[in-house]
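**Q** Could you fit the two chains together into a complex? Lean on the hints.
These protein sequences, in sequence, are chains A and B. For the first sequence, position 340 (counting from the first letter as 1) is numbered 340 according to full-length UniProt numbering, and the numbering increases by one without interruption. For the second sequence, position 74 (counting from the first letter as 1) is numbered 74 according to full-length UniProt numbering, and the numbering increases by one without interruption.
Keep in mind that the hints are not guaranteed to be accurate.
Lysine-lysine pairs mimicking DSSO-like chemistry, simulated, CA-CA at most 30 Å apart [what the hints assert, rightly or not]: (1) B:122 with A:362; (2) B:356 with A:292; (3) A:183 with B:356; (4) A:362 with B:356; (5) B:356 with A:206; (6) A:362 with B:219; (7) A:183 with B:166; (8) A:194 with A:206; (9) A:230 with A:156; (10) A:206 with B:166; (11) B:365 with A:40; (12) A:183 with B:175; (13) A:230 with B:356; (14) A:362 with B:344; (15) B:296 with B:72; (16) B:122 with A:52.
What the hints contain is simulated information worked out from the structure, not anything from laboratory work. Please read these numbers as outputs of a predicted model, since none were measured by experiment.
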Amino acid sequence: MPRTTTVDCPGCPPLRALTFDALGLIKVIEARGEQGGVAKVVERWGEPETSKCVLAASIDDSKHDPLLAVARKSGLIEVLNPLNGYLRVSISNVSDAGARPEDDAVVGLHLFRRQRLESASRFCTLLTCTTKGNASMRSIEISNLPEESSSSSSFKSWNVCASGTILCSKVDRSENYAVFGGKGVEVNLWDLDKCTKIWTAKSPPKTSLGIFTPTWFTSATFLSADDHRKFVAGTNSHQVRLYDTSAQRRPVMSFDFRETPIKAVAEEPDSYNIYVGNGSGDLASVDIRTGKLLGCFAGKCSGSIRSIVRHPTLPVIASCGEYLDAPLHLDLSGQLFAHLGYKVTATSLCGLFLNSIVVFLKQHLTEVVFDSTFADKEVAQAAADPHIDETYNMKEIQGDETETLPVKRKKASKEKDNESKRKSSKEKTESKKSKSKKKSRRVKVESDDDA
Amino acid sequence: MGGKRKKSESEELIEGEKDNNKNKEGSNKKKREILPSMIKNKEKRSSVHAKLKHEKKLEKRKKLKARDAAEKLALELGEEPAPRMVPRTIENTREPDETVCRPDDDELFAGNDADEFSSVLKHDRTPKILITTCRFNSTRGPAFISELLTVIPNAHYFKRGTYDLKKIVEYANNKDFTSIIVVHTNRRDPGFYLTIICGCLSDALLVIGLPDGPTAHFKLSKLVLRKEIKNHGNPTGHLPELVLNNFTTRLGHRVGRLIQSLFPQDPEFRGRRVVTFHNQRDFIFFRHHRYIFETKESKESDSKGKKAKEDSKSKKAKDAKGEKITKEKVIARLQECGPRFTLKLISLQHGTFDTKGGEFEWVHKPEMDTSRRRFFL
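Chain B extracted, bound-state conformation (with noise of 0.2 Å):
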């Protein structure tokens, strides 16, 4: 009986899909529409769904190609193409937000001032990073490490033992480190945590009512390594530039400064090395870069470049070489060097590592959850 009934259904479905082939345009006249979903045998499914992408596919490439026509008409015309529609995002219709900071606000920067990163960010110390884990660290976790080491200038690794993280903020503040990176592996591949504890140390002299530096805490996922990455490079010792994007609300901003408390303040550019942070939509994205200027000679012979000549006959006046120009462009490449991560703010805590006694300066909470436009770094 089962049987039958779906073959009445996969028959019923044919028509109604030849119909809706048909009259595609005057679909509106039809009573319902059949999406892939409702077919329940699951070849026909599959199948109906394949056609539909396949069609949608091709329709948007041809709309690419309309556009792109009417684009180069217009430029041959002379006239201004229409511009192009920015595609609404998540990110582009977020919520407002009133504690995004403002580039004339003179209580940020007398907060900057005073906050706990500025006698690193001002030179005044040299940032020194001890790097360490759980307890029971993993495969991953020590690969993870050892190229967190090439990438973080003076970062030394050591051994968790059986230390509380108390006793090693402590040795680190006598020791002279700046922040504390603690990598948690709690399960076997890819879910790390990573703990930043920043600034611990200061001189006790300067500040003895509250304890120092904010604790950060973050969940780690969409680790690739080094060698996972395929034509990666290999970066040098240079000390690295650092690009933090987005960083934009109060919090944000503090985030922002937390990490750039990582890295030494003076890049030597020489070794072109870039280390990006990028925020979007929380979640905060670290990438690793060579990059390379390369003059390009591009030569134009008649037979290719006949229409980029005319387009840009105007500029080349000057240019009097004749029919074969050379023409020198500087074109930056990228060899990206790994590691790759995505980071998450769980919390961030004020004062060092202190999870029974500690008070959070911002914690996540799902009722805070009450769009998917909102956003808080």
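Next up, chain A with everything else stripped away, as it sits in the complex (with noise of 0.2 Å):
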């Protein structure tokens, strides 16, 4: 039996999360309360089916309209207002009409966040990996109804890989460079503007004794936000290396951790910590300069790590996997380093601390996104509200084709009967409502222009 210490579980922060699993559903999980609050599930998107595995998701959460895409396994990529699941644009990737897209399956998806000042127009930018190296980007034209968008004609295509399968891709911070890898394809750098590689990496030499390990890249992230140059990827062999493309081809540090393959690995924004996350459901904190383990968080997940995310503010991860047990496992970084901290100079260093929420989901999750925009959201919800209503107002007062309106509003109200089995908060339906009402507005005023 071992030796646990209880600590006090100080509840997690209000957030929100968005899970995704092997059936297709998305399921929300928030936090509310300042202290002390209780994570659970308040809504469930989509019905249980099977071809609708998601494969890859990617959120851009900013303040003013966010946007989530999700790649399934029939080959669809869908965009959805994560405020609220509705679906916004939906599209085929399969290119060929020959090709099925269980054999060429999404495996990295990356939605590009908008700028501030494109923000006004109704582009969303994806790019989209599959796993035999074929790289998309295009751009997406967004309206309130699925069968209106259209992919524009800014679509590049090429390819990534000759031979192989990509398992793993991952755009920096400054969305300009992507890094791909996969089993037999060296970990590789690409500028995402010109659409060329610049950058391989070289597989390590032999052992002394003749011994080489095949590539094979399961995981890969950026280290820094601002540094595009470090990026760290977990192999197949239970390896975590850590590239810099500035200095070597090969990598400039590796370390093993324990014995099943590395899975997730995922930055600390603004530290040398690293997370990284394995087969058999381990889960550390390693410090990559020196590849010393930090500590290890000993939760309640048995079972393969899929996915680990960084709350952009809070000092909060998420993970989620294969685990039937305790899917979705939030843990509370500040409060690992502060424990450690304390511990450092009494025992080893791994092992200890646990402070984590864990929330059952029943399924086999695939990946996990943070909802950075929650936090605040009673306040940023009463500051918007007002700003929606005043656009609103000033198109009522506009008050040209009014006949629009009723039409765009039945078809908003339609999608809602759709949906109707989803439990969504009043306010928010109201928001969707003035958002969409703002939208059909924005179609009007482009209308006009075109004429």
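**A** Structural data, given as structure tokens:
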């Protein structure tokens, strides 16, 4: 029996996370309250269906009109509203008519943040990458109705690798570079503006016994926000490697972590710590400069970790994975380090602290994302609403083409009827309504311009 | 010197013991009670222990008798007998677990429809099992396998040879097997490990992205072969009925379905053959029985069944046969067929056997044993 110390759990700060699972369900987890909030599932979007299994997801959580992109097993890529789950656009990623979507599944998906100035436009940009290495970047026009949306002219497609399968892809914070890696594919860095490969890694040399481990990258992440040259990759042979593209083509640092393949890595912003998750459910924090283990998150997770996400502002990470027991696992990493600091002198470094919130989600999860705008949600809502109302009023004052408005509204309400099962709070629907109105106004304005 | 001390000690003890016997009720008064474990002389210790044990036994028997008498009295007076106490066991004081499946969980059923076993469990495919061993198996391994072959219908034994397990999985896939069972014998006699690789085949068309079939790794212990069971029966070739007990959590449910997919889903009830997997405290007990329903004529003569008759007079009032009443009673009798063993889940792996690159759905880790009242299945 292990010795355990009980840590009084202060509850989790107000946060909102979205999880995606193998049956294509999207679940919203929220913790409310100033302190001592309990995280629980508040909403479930979609019906369980295997063909809709979520392979990748990405969120653009800007305060103004956030978007969520989801890639499904059937080859569809859906863009949703992360506040209420309404479908905004749905496009198919299948390029050739002959190819089956299962053969060439999407492994990487990134939704580009829209610039402040650009935010008025209704385009969002998506980067997708499939197992066969077909990367593509496309802009999609977002309208209120899924049928009207279309993929715009700016469609760029290129091939990342000649052979092998891509298993991981990651776009850096500045969104100009992306790293790809996989089974039989060395990690390589691409310039997204020019669509050119600017750097490829070199496999480590044979050991003194002449043993060569085949290349098999399973996860990758950029180390810091402002530097695209340093990134960390996890391999199937339980090795974590740090690459510095400005230094050399071989890893600058590498260390082994436990005995099962590394399945997820995530970075801690503004520091050299990374989080590593592996195939048997070990989650640890490591200082990548030295490769020293800072501590393990000995929580309830007992199965493979699929995804780790660090909250942009709060000291919280979320991990999710295969484990049937307790799939989402939120850690107050601030607490972790406090504890570590305390314990370092006393005992060895690993395996102490536990301050986690576990949410049971019943399915094999594939992805988790944070909605960072939630923290000040009540305030934000209050602030946003008058603004929206204002625009709405302005439009009312303008008052031309009033007949288009009811049509839009009807369609929006139909959409709502379809999803009547979902319980969405009143204010949310209100904001949605006003948003859709605003949208319709935009459409109208544009059409005026065209005319 | 040592002898002296011992002697004095034992004398003291005897005195103490006497005291103990004398004022058993007032033992609270005594400063310290002497436990048998505190006695250093082994002979003395065992005798004291035996005595204590005997006393406890007598006391218990007395208590039971008193309870039975009270119950009988209550029945005679037409009262409700006091409800019997339910013993507190580790199992019924289990820590609450939110992963326990509920019958109204629609996600669970949707998940079931989508999982790797559904093709077998929905009768789309008949289970076909490949049984093999580790490379160096011993005397008890083959004996166990030959009995396993009689328990699981449509099971085929293949010699392991020097093939890699991954090659065997490939072979089994090509030959349309639905599951593989690997029996490891790593110590000569009792310690076995059992690996069940399930649903390893499925048509390759159906699922491409992910390889099928979870791989479950069990520890196998307490193996008793058929020969070693007294009065054992010999099973017939009928398809058995399957009883899965107590697989409650999400993980337990999955393991239950894995076991279920080893057996055909249409039992022949004529065979009266039952295979039971009973989960208790995360141990899965395997038993194999034959059962029979017998109609027994219980004759109730005056001399013997007076009391019983009085009790059940009202019931029998319509039965106007007079003094000698023959009552037909159906009783079920069981005969164990063997083998008998216990399984404990070590890990459940996603996909087919792959120790190096495998993704685990569940692995037992020592840090999960925070309490003896926490169970996972």
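**Q** Enumerate the violated hints, using their earlier numbering and listing them in ascending order.
**A** 8
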